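S.K.: Sequence:
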Amino acid sequence: MRGNVVELAVAVVVGAAFSKIVDAVVNGFINPLVGAIGTKDLDKYRFCFKGPCEYSPTGEVQEGVAVHWGPVLSATLTFLITAAVVYFLMILPMNKFKERQQAKAGPVEVPKTEVELLTEIRDVLLAQHTGQDGSPASQGASGSAGPDGSVGPQRDGGISTHK
Numbered sequence: 020m021r022g023n024v025v026e027l028a029v030a031v032v033v034g035a036a037f038s039k040i041v042d043a044v045v046n047g048f049i050n051p052l053v054g055a056i057g058t059k060d061l062d063k064y065r066f067c068f069k070g071p072c073e074y075s076p077t078g079e080v081q082e083g084v085a086v087h088w089g090p091v092l093s094a095t096l097t098f099l100i101t102a103a104v105v106y107f108l109m110i111l112p113m114n115k116f117k118e119r120q121q122a123k124a125g126p127v128e129v130p131k132t133e134v135e136l137l138t139e140i141r142d143v144l145l146a147q148h149t150g151q152d153g154s155p156a157s158q159g160a161s162g163s164a165g166p167d168g169s170v171g172p173q174r175d176g177g178i179s180t181h182k
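FYI, in our numbering the residues of the sequence shown are 20 to 182.
Among the hints, a few may not be true.
To be verified - Cut-off 25 Å, straight-line C-alpha distance, at most; resulting in silico cross-link-like pairs (SDA-like, lysine to any residue):
hint, residue 1, residue 2
1, 39, 90
2, 115, 104
3, 39, 97
In short, the hints are calculated from the structure, not lab data. Only a predicted model underlies this, so the values are computations on that prediction, with no experimental measurement involved.
Please construct the entire structure, taking both the sequences and the accompanying hints into account.
M.R.: Structure, rendered in structure tokens:
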């Protein structure tokens, strides 16, 4: 699903085989429907862009500038049918499957940021420093807490965690 080479290769093979099916549907079903208004072969649909167009018996333009819009219409129909089938039969069900898998897995735990971890450490140290009842714990010779809750001078410049 995320960069898997085997899945990509399978998708290419299935897409190539599926395009032949779509070509058959366009040529066997849609072209005859369009042929109800004109010729059955969409390759014959064209108009003369400049000057009177003269065509050879094989269908090639000998004079003038002809625009062949029939093959463009056929290719567009093939693309739209292929895109619709791929979306509705492959992409949409896969997205629904992923949503169900995520719903079964439950909420994803977001890791804590550095600031949140440091805040928790500070709170634990303050709780150890002040004691469980909120009153300052006896410091002994290691110093006392200041008015803002900061720890005073300590041995070796560090903060003591001993009560």
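S.K.: Hint compliance check: list the failing hint numbers for this structure, sorted ascending.
M.R.: none
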